[in-house]
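Going down the list, the sequences are from chains C and Y. Quick note on numbering: the first sequence equals residues 1 to 263 in the working numbering. Quick note on numbering: the second sequence equals residues 1001 to 1440 in the working numbering.
If you're looking for bench data, these hints aren't it; they were derived computationally from the structure. The structure presented is a predicted model; accordingly, all values stated were derived computationally and were not measured. Don't be surprised by glycine CBs; every beta carbon is placed ideally from N, CA and C. Don't take every hint at face value.
[To be verified] Distance ranges between label pairs, derived from CB positions:
1. Y:1228 - C:87: 26 to 36 Å
2. C:44 - Y:1382: 16 to 26 Å
3. C:58 - Y:1401: 23 to 33 Å
4. Y:1257 - C:87: 38 to 48 Å
5. C:44 - Y:1267: 17 to 27 Å
6. Y:1028 - C:44: 23 to 33 Å
7. Y:1047 - C:87: 58 to 68 Å
8. Y:1210 - C:47: 44 to 54 Å
9. C:44 - Y:1225: 46 to 56 Å
10. C:58 - Y:1267: 22 to 32 Å
11. C:44 - Y:1380: 46 to 56 Å
12. C:58 - Y:1097: 11 to 21 Å
13. C:50 - Y:1228: 48 to 58 Å
14. Y:1309 - C:50: 47 to 57 Å
[As the list claims (entries may be wrong)] Facing chain Y, according to a computed beta carbon distance under 10 Å, are these residues of chain C, among others:
15. 44
16. 47
17. 48
18. 52
19. 55
20. 57
21. 59
22. 68
23. 71
24. 73
25. 74
26. 77
27. 83
28. 90
29. 92
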Amino acid sequence: MGEEEGLHQTQLLDTMFVRGLKRKCFDGEEDIEGTLAGFKAIPSYNLQRQSLLDMSLVKLQLCHMLVEPNLCRSVLIANTVRQIQEEMTQDGTWQMINTQSAGQTSLDRLVSTDILCRSSKEQAEGKLVPVYSTFAKDCEGTQSQDNSEIMSTVTSPQVPRNLQSNMWEMENPQENRGNFQKSLDQIFETLENKSPNTVEDLFSEVDNSYYDLDTVLTGMMSNTKMGHCDLETFPSQTSANSNSNCKSDLNELDHIVEILVES
Amino acid sequence: MEGESIYEVDSEDGVGADIISTVEFNHTGELLATGDKGGRVVIFQREPESKNEPYIQGEYNVYSTFQSHEPEFDYLKSLEIEEKINKIKWLPQQNAAHSLLSTNDKTIKLWKVTERDKRPEGYNLKDEEGKLKDLSTVTSLQVPVLKPMDLMVEVTPRRIFANGHTYHVNSISVNSDCETYMSADDLRINLWHLAITDRSFNIVDIKPANMEDLTEVITASEFHPHHCNLFVYSSSKGSLRLCDMRASALCDKHSKLFEEPEDPSNRSFFSEIISSVSDVKFSHSGRYMLTRDYLTVKVWDLNMETKPIETYQVHDYLRSKLCSLYENDCIFDKFECAWNGSDSVIMTGAYNNFFRMFDRNTKRDVTLEASRESSKPRAILKPRRVCVGGKRRKDDISVDSLDFTKKILHTAWHPTENIIAIAATNNLYIFQDKVNSEMH
């Protein structure tokens, strides 16, 4: 971001954060109208908060690349990131409850926050930041009560499918959460085990889900050269994510590879 | 309190290596040591008062310069270890020599400063230049005599305390027993004996078993000035822990925890960062502690753990700018604080080369500026003011025109007199209060 733009943004953030903070304390018994009125300002508050989160992540990654990061600074930034995520998790719950009348959209939102809570468990590497696993449990705890009310029209087999489809079509919000969970892990671990390739270490695991696609593509290409496509090689490489949706994506890949090979 | 600018030292290139990173008076105030980013230590000595030339009374002049630390390379971690001097502490003087401890991120060194003003002349086997004489020319024996020479200050490394710290050393503190000292890094505090370099005792360890659980680090620590068993350390969460070494070998459990509950109306995402304590200093009396966090200085009574007895706002106008200061990393600046000799006035630095002094008795405070433009030699400093909107007086500075690259992080106060040393980037300023040169 350009310097001027950055300055302007942070000036905005300054005012936002001075004003918006008092809305942080949501009690269960607060009147709904009050909170709904508050929500009108919240989208921009969320945006600013997201911006602060992004800034913090950049700082953490930057100090990851430095020769010898300042541990105090890293810890303070990491704590800020955790704080933001804690609040976002709480707010996410609030948004869900307040839009339960919206029908289909609420289900999507419900599923997406469900992913938020579950993604820390279903990460391919299986790494967990303890802070986030407790958040996941809290999230699930509150959600189970709401599930019974809202999810009555959705059958359980369908939920895993939506979950998986969303995981495949990961957009930035999910990516960011996965990324910084892994970032915090790696930052504190690699602070002890410094290596010149810290940046590559950081990113090598982040892109793991796409690494599978790469191997798929390579595998597909080598197979097509042999004259036939062997779809059965795919599940062995991405066994963690195999399901019907994968197969549909795989068909697309197949198609793309055919085009590449022909050209 | 108004001061008079006496002296200004400017290092040669003014870039990088010469940024002053620590300032410390010795126990009599006769000597003043500064450390810089290039690993050098410069010691200043106060000229003795002279009736003939009263106007140079109390001037500090360069006494000795030496290279304390060199950059090193940690091959195991592929990291460079900076030579920047983080802290200097003087040992109480026990003979004609002066001793000081200086430390960078990893290694603490004990230096002995001695004067030589005589040298032996008239050797039998060597000539004036030290070359061996032709024995055939020696016809009689003589006893070498000591002749006066120009004063020479010699600094020699006496001890090197290495390999004690995995993390960056942020503080060292000499015990009142004059035999031991402690060094603190982000997660651990070690106790050393001044004569033993190959081992140290670990007395505090806050490293979690799983580094992922790390949420708090040690930011500063100091021994009590009179009780050799007591020390305090501060954390990045704004707490102070007073520990008693008699209680156990590992002082992970504090004897007292000093923590002020958070003000819910002021809570923000930056609350924790600005509560992080950057410096802690015991008062000369030993009864109080002074702490500095990003926006305030606080005085704590050792007998009351629940909250500080006094809180002074250093630059509260920055509270609405915290996000910008977070973005440009200024929010992580570590300012130091200092007591005067009688514990009645406290001082700390700020931005724009400003520094602040608070009189605990009169509750008056003043903002002064350390800059070459505003202070010619022996010029009287005039108080500065930062205006926050509203009406603006002449010479006021608005918050938006503050220069955040000009920060006064390191300050020191003479142990008995109203003389202060201010480090502003690569310049050292020494200010004296000529009006009241005795403590009041």
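Hints, verified against the model:
At about 46 Å, the CB distance of residue 1228 (chain Y) to residue 87 (chain C) disagrees with the hint of 26 to 36 Å. Our hint of 16 to 26 Å for residue 44 (chain C) and residue 1382 (chain Y) is violated, since their Cβ atoms are close to 44 Å apart. The hinted window of 23 to 33 Å between residue 58 (chain C) and residue 1401 (chain Y) holds, with their beta carbons roughly 28 Å apart. Residue 1257 (chain Y) and residue 87 (chain C) have their C-beta atoms about 27 Å apart, which leaves the hinted 38 to 48 Å range violated.
For the pair residue 44 (chain C) and residue 1267 (chain Y), the supplied restraint of 17 to 27 Å holds, since their beta-carbon distance comes to about 20 Å. At roughly 60 Å, the beta-carbon separation of residue 1028 (chain Y) and residue 44 (chain C) lies outside the given 23 to 33 Å, and the hint is violated. Between residue 1047 (chain Y) and residue 87 (chain C), the C-beta spacing of about 59 Å keeps the proposed range 58 to 68 Å intact. Checking the proposed 44 to 54 Å range against residue 1210 (chain Y) and residue 47 (chain C) shows it is violated: the Cβ atoms sit about 34 Å from each other.
Checked against the hint of 46 to 56 Å, the C-beta distance between residue 44 (chain C) and residue 1225 (chain Y) comes to roughly 52 Å, which is consistent with it. A hinted range of 22 to 32 Å for the beta carbons of residue 58 (chain C) and residue 1267 (chain Y) is consistent with their spacing of about 24 Å. Checked against the given bound of 46 to 56 Å, the beta carbons of residue 44 (chain C) and residue 1380 (chain Y), roughly 50 Å apart, stay inside it. With their beta carbons about 51 Å apart, residue 58 (chain C) and residue 1097 (chain Y) fall outside the hinted range of 11 to 21 Å.
Checking the proposed 48 to 58 Å range against residue 50 (chain C) and residue 1228 (chain Y) shows it holds: the Cβ atoms sit about 52 Å from each other. In this structure the hint that residue 1309 (chain Y) and residue 50 (chain C) lie 47 to 57 Å apart at CB is violated, the actual value being about 41 Å. About 14 Å separates the beta-carbon of residue 44 (chain C) from the nearest beta-carbon of chain Y, more than 10 Å, and the hint is not met. For residue 47 (chain C), the suggested interface contact is broken, since its CB lies about 14 Å from the closest CB of chain Y, more than 10 Å.
Against a cut-off of 10 Å between C-beta atoms, the interface hint on residue 48 (chain C) holds, since the closest Cβ of chain Y lies about 9 Å away. A cut of 10 Å between beta carbons decides the hint on residue 52 (chain C): the least distance to chain Y is about 6 Å, and the hint holds. Interface restraint check for residue 55 (chain C): the shortest CB-CB distance to chain Y comes to about 6 Å, inside 10 Å, so the restraint holds. A least Cβ separation of about 13 Å between residue 57 (chain C) and chain Y goes past the 10 Å threshold, and the interface hint is therefore violated.
Given hint, residue 59 (chain C) at the interface with chain Y, holds; its Cβ is 8 Å from that chain's nearest Cβ, closer than 10 Å. Because the beta carbon of residue 68 (chain C) sits about 5 Å from the nearest beta carbon in chain Y, less than 10 Å, this interface hint is met. With a cut of 10 Å, the hint placing residue 71 (chain C) at the interface with chain Y holds, because the nearest CB-to-CB distance is about 4 Å. The restraint placing residue 73 (chain C) at the interface with chain Y holds, with a minimum CB-CB distance near 5 Å, inside the 10 Å limit.
Checking residue 74 (chain C) against chain Y by beta carbon gives a least distance of about 9 Å; that is within 10 Å, so the hint holds. Nearest Cβ of chain Y to the Cβ of residue 77 (chain C): about 8 Å, under the 10 Å cut. The hint holds. The beta carbon of residue 83 (chain C) comes within 6 Å of a beta carbon in chain Y, closer than 10 Å, and the hint placing it at the interface holds. This hint is violated: residue 90 (chain C) has a C-beta 14 Å from the nearest C-beta of chain Y, more than the 10 Å allowed.
Using the Cβ-Cβ criterion of 10 Å, the hint placing residue 92 (chain C) at the interface with chain Y is not satisfied: the shortest such distance is roughly 17 Å.
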